[in-house]
Amino acid sequence: MSQLDIRDLRVTVAGNEILKGLNLTIEQGKVHALMGPNGSGKSTLAYTLMGHPNYEVTGGEVWFKGQNILELEPDQRSHLGIFLAFQYPVAIPGVSVANFLRTALNSHRKAKNPEDKGMPIPEFRTLLKEKMDLLKMDHSFAGRYLNDGFSGGEKKRAEILQMAALDPEFAVLDETDSGLDIDALRNVAEGVQALRGPNFGALVITHYQRLLNYINPDVVHVMFNGRIVETGGPELALKLEAEGYDWVREAHEPVMSAQ
Amino acid sequence: MAKKKTSAPPKKAAVRKKKTTKTTTKAKATRAGLRPTPTAKKKAVGKSKPKAVAKKKSAAKSKAVASKRVVTRSPEREVISAGKTPRVITRGAAAVQTKSGFPFSAEQIPALANGAKATAFLRSYRKGAWNQFEKLPLPSTNDEAWRRTDIRQLKRSGLQMVEALPKATRDKLPSIPARLLKPLVGKGHGGQIVFGPGKTTVQLSREIAKQGVVFTDFATAATKHPELLKKVLGSVVKPGEGKFAAMAGALAGRGVLLYVPKGVQVDEPLHSLLWGPGAGLAYFSHILVWVEDGASVTYVHESASPTLKEQSMHAGIVELHVGARANLRFVELQSWGEHMWNFTHERARVKKDGNLDWIFGALGSHLTKNFSEINLEGEGSLGRMSGFYFTDGDQHLDHDTQQNHLAAHTTSDLLFKGALEEQSRSVWQGMIYVAPGAQRTDGYQANRNLVLSKQARADSIPGLEIQADDVRCTHGATVGKIDPDEYFYLLSRGIPPVEARRLIVKGFFDPIMERIPFEGVRQRFQQAIVQKMK
Chain B
1 MSQLDIRDLR VTVAGNEILK GLNLTIEQGK VHALMGPNGS GKSTLAYTLM GHPNYEVTGG
61 EVWFKGQNIL ELEPDQRSHL GIFLAFQYPV AIPGVSVANF LRTALNSHRK AKNPEDKGMP
121 IPEFRTLLKE KMDLLKMDHS FAGRYLNDGF SGGEKKRAEI LQMAALDPEF AVLDETDSGL
181 DIDALRNVAE GVQALRGPNF GALVITHYQR LLNYINPDVV HVMFNGRIVE TGGPELALKL
241 EAEGYDWVRE AHEPVMSAQ
Chain W
1 MAKKKTSAPP KKAAVRKKKT TKTTTKAKAT RAGLRPTPTA KKKAVGKSKP KAVAKKKSAA
61 KSKAVASKRV VTRSPEREVI SAGKTPRVIT RGAAAVQTKS GFPFSAEQIP ALANGAKATA
121 FLRSYRKGAW NQFEKLPLPS TNDEAWRRTD IRQLKRSGLQ MVEALPKATR DKLPSIPARL
181 LKPLVGKGHG GQIVFGPGKT TVQLSREIAK QGVVFTDFAT AATKHPELLK KVLGSVVKPG
241 EGKFAAMAGA LAGRGVLLYV PKGVQVDEPL HSLLWGPGAG LAYFSHILVW VEDGASVTYV
301 HESASPTLKE QSMHAGIVEL HVGARANLRF VELQSWGEHM WNFTHERARV KKDGNLDWIF
361 GALGSHLTKN FSEINLEGEG SLGRMSGFYF TDGDQHLDHD TQQNHLAAHT TSDLLFKGAL
421 EEQSRSVWQG MIYVAPGAQR TDGYQANRNL VLSKQARADS IPGLEIQADD VRCTHGATVG
481 KIDPDEYFYL LSRGIPPVEA RRLIVKGFFD PIMERIPFEG VRQRFQQAIV QKMK
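Sequences listed follow chains B and W, in order.
Note that the working numbering has the first sequence beginning at 1, numbered continuously upward.
Note that the working numbering has the second sequence beginning at 1, numbered continuously upward.
Among these hints, one or two may not hold up.
To be verified - When the alpha-carbon atoms are kept at most 27 Å apart in a straight line, the in silico DSS-like pairs for lysine-lysine are as follows: (1) W:K182 - B:K110; (2) B:K117 - W:K534; (3) B:K155 - W:K534; (4) W:K182 - B:K117.
Claimed, not checked - Residues of chain B placed beyond 10 Å of chain W at every Cβ, according to the derived structure: (5) G60; (6) R77; (7) A142.
In short, the hints are calculated from the structure, not lab data.
Glycine included, each C-beta is placed from N, C-alpha and C at the ideal position.
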């Protein structure tokens with residue numbers, strides 16, 4: 001079962017507790033949106049799910065496909081089918097998009113079957129072209145150094161390209177919409193929509209309703225001060241868009257400070 | 001990349017962040033044994049502006065302050081202008097000989113073909129070199145050029161020349177692996193010279209030989225082409241330049257003479273291999289390349305051996321002459337076993353509008369001290385030096401480069417990149433020298449290091465010495481480590497730790513690989529990355 005189950009997750013960054021007992025379940029094939037004011041811990045959750053070493057887990061569990069993924073290394077989490085689209089994708093100078101993706105794909109194949117000899121190059125080229133077409137990307141993209149000198153929009157598109165190629169069962173999209181113009185946003189959103197299906201679940205972290213116009217979430221959560229404090233349908237996102245986060249703060253701040 | 005202003009070379013590695021440094025002219029001048037001139041000091045201040053540092057790639061234009069004062073020179077550096085070809089001799093030796101401890105004797109100077117008259121000059125060259133060898137002191141860390149490379153652990157008395165081995169013993173040394181004989185450049189080679197421990201084989205295609213090209217070993221050259229050998233031998237590197245140069249000059253029986261006559265284009269690359277197996281042995285080599293005006297050739301030379309426990313050593317000389325409008329592409333691969341102590345003195349001279357593309361790949365040896373120098377003597381000449389090194393274990397590689405602009409409108413372009421694993425160490429010290437009157441020159445040097453372990457250390461010491469006032473010279477040096485965010489990014493895509501590190505290292509070397517249009521050389525390096533990063 002590729003349901004993601006986060007139980008009482010507590011995470012500390014540089015000595016500060018950021019996630020304070022977070023609970024969240026995302027059923028297989030569902031897309032959840034995660035909203036919340038700055039500093040509420042959304043990106044911390046994203047990095048923690050992927051296993052970034054700067055995020056120290058002090059409590060809780062995250063279950064996916066029968067494993068507590070917190071016990072796995074980042075590459076093993078990826079092999080299990082988890083993907084993180086970074087808010088700030090990192091440039092890898094000297095490594096082309098194609099070379100990088102082929103290495104990643106072959107690592108996945110090898111994880112499944114240690115005897116695997118790697119994807120034949122023609123097959124890889126076909127796959128890459130197909131995915132680039134899906135995202136309306138120029139094929140010359142494949143030869144460029146990964147994220148090196150990419151525009152904001154190109155970086156985000158490259159993230160979705162990687163997601164499409166690696167075909168994860170659960171993806172975290174960390175503010176994939178930030179820094180995108182309307183066209184790029186639509187493009188990226190269409191890329192995500194194309195992956196949707198019974199075997200693709202996602203947690204879409206965003207500040208803005210507009211992404212959710214393209215990616216209709218099944219569930220919307222509001223995060224505040226290291227916890228999920230509100231959960232609802234798409235109407236919750238619309239309410240936030242209209243009213244902002246003040247009502248969330250008012251409703252939940254006192255509780256937090258009383259602790 | 002973090003910018004950091006510093007005026008105190010050398011740069012030490014094990015640094016947390018990448019740093020770009022400008023080393024001051026003053027410090028470098030001291031290294032070369034020169035007193036810093038007032039001009040140099042003034043320049044040094046100007047050079048350490050962070051603004052200039054930031055422009056590491058885009059070549060910040062720096063106009064040197066015009067030298068109005070008489071510059072005090074050490075006698076080692078001699079520049080003749082006014083019509084004559086200026087000449088720079090940078091690394092001489094002084095001081096007095098102490099007993100060097102090498103168990104070689106004058107009787108071991110390679111025997112010459114039955115005392116033929118034609119080879120008298122070769123005998124006298126070697127004799128002269130031997131005298132220098134006896135006179136010159138063993139370099140020590142008190143010598144500026146050797147400050148970071150300590151050779152006291154070389155067990156000199158335990159070495160013997162490979163020629164001194166009984167034939168039966170020599171014949172038992174490991175033979176040359178077939179993979180080393182494969183072409184590294186292109187699909188085939190036009191000629192190949194292979195030096196085994198006891199045997200030398202020489203091949204040259206009939207077509208190339210017909211063009212008048214000479215590509216042969218010293219023994220053959222001495223008998224068949226004595227006049228050529230005489231013209232070329234010792235014309236670019238003097239045995240007196242250092243203890244090891246003198247040693248190689250006197251004792252190198254393994255020598256290559258490559259001569260390309262005027263206007264001849266050699267289409268197929270030439271290849272030579274120096275195979276040096278065995279422990280407790282000393283190998284000496286001497287490479288001579290003379291490309292006449294308007295000629296062109298690609299030549300690959302590799303030194304290799306298996307790795308053993310006990311020490312061996314190699315000392316070599318490389319002399320390159322690139323005539324007017326000539327093209328030489330010279331690829332050197334250093335694949336010595338990691339027990340080898342390797343010392344080389346190499347210099348190229350490039351004439352008017354000549355073009356030298358010099359590629360260094362250094363993967364092996366226990367310790368290397370390599371002096372390589374380009375003298376851009378003719379107007380419009382171009383010298384490019386591209387180097388890569390990858391060290392592991394307790395390897396110590398020291399590359400000492402010099403780009404001498406001795407004529408106007410000359411261009412030099414140096415990029416050395418290295419990665420270091422385990423407890424290994426690298427030193428790169430480079431100098432761009434612009435002679436008085438060498439206006440409109442463009443010099444570039446950059447050294448980039450990627451330190452992969454806490455115990456490894458890279459020293460990177462760039463330097464400029466500019467005696468002309470209308471030049472453009474840029475340099476930069478960086479020592480960094482793998483960026484944890486890059487690493488995490490790759491892991492997050494399912495790339496396992498070892499692969500992720502390799503991918504970053506390959507990416508780091510990509511700019512240098514781009515400069516090496518030889519698939520065979522690139523592949524060899526990629527294999528080395530895989531082997532060294534387990």
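Problem - B:A142 and chain W, when compared Cβ to Cβ, separated by more than 10 Å - result: holds (15 Å)
Exercise for the section: Compute the least Cβ-Cβ separation between B:R77 and chain W, then decide whether it is above 10 Å. Expected result: violated (8 Å)
Practice task
Mind checking the alpha carbons of B:K155 and W:K534 for me, to see if they're no more than 27 Å apart?
Solution key: Given pair B:K155, W:K534 is violated - Cα atoms ~31 Å apart, limit 27 Å.
Exercise for the section: Quickly compare the C-alpha distance for W:K182 and B:K117 to 27 Å and report which way the hint goes. Expected result: Between W:K182 and B:K117 the Cα gap is close to 26 Å, so the pair holds against 27 Å.
Practice task
Compare the distance between the alpha carbons of B:K117 and W:K534 with 27 Å, and conclude whether the hinted pair is satisfied.
Solution key: The given pair, whose Cα atoms are some 19 Å apart, holds under the 27 Å limit.
Handout entry: Non-interface claim for B:G60, where every Cβ of chain W lies beyond 10 Å
Key = Non-interface label on B:G60 holds, nearest chain W Cβ at 20 Å vs cutoff 10 Å.
Handout entry: Given hint B:K110 paired with W:K182 - CA-CA distance at most 27 Å
Key = With a Cα-Cα distance of about 31 Å, the restraint between W:K182 and B:K110 is violated, given a limit of 27 Å.
Taken one by one, the earlier hints fail for this structure at numbers 1, 3, 6, listed in ascending order.
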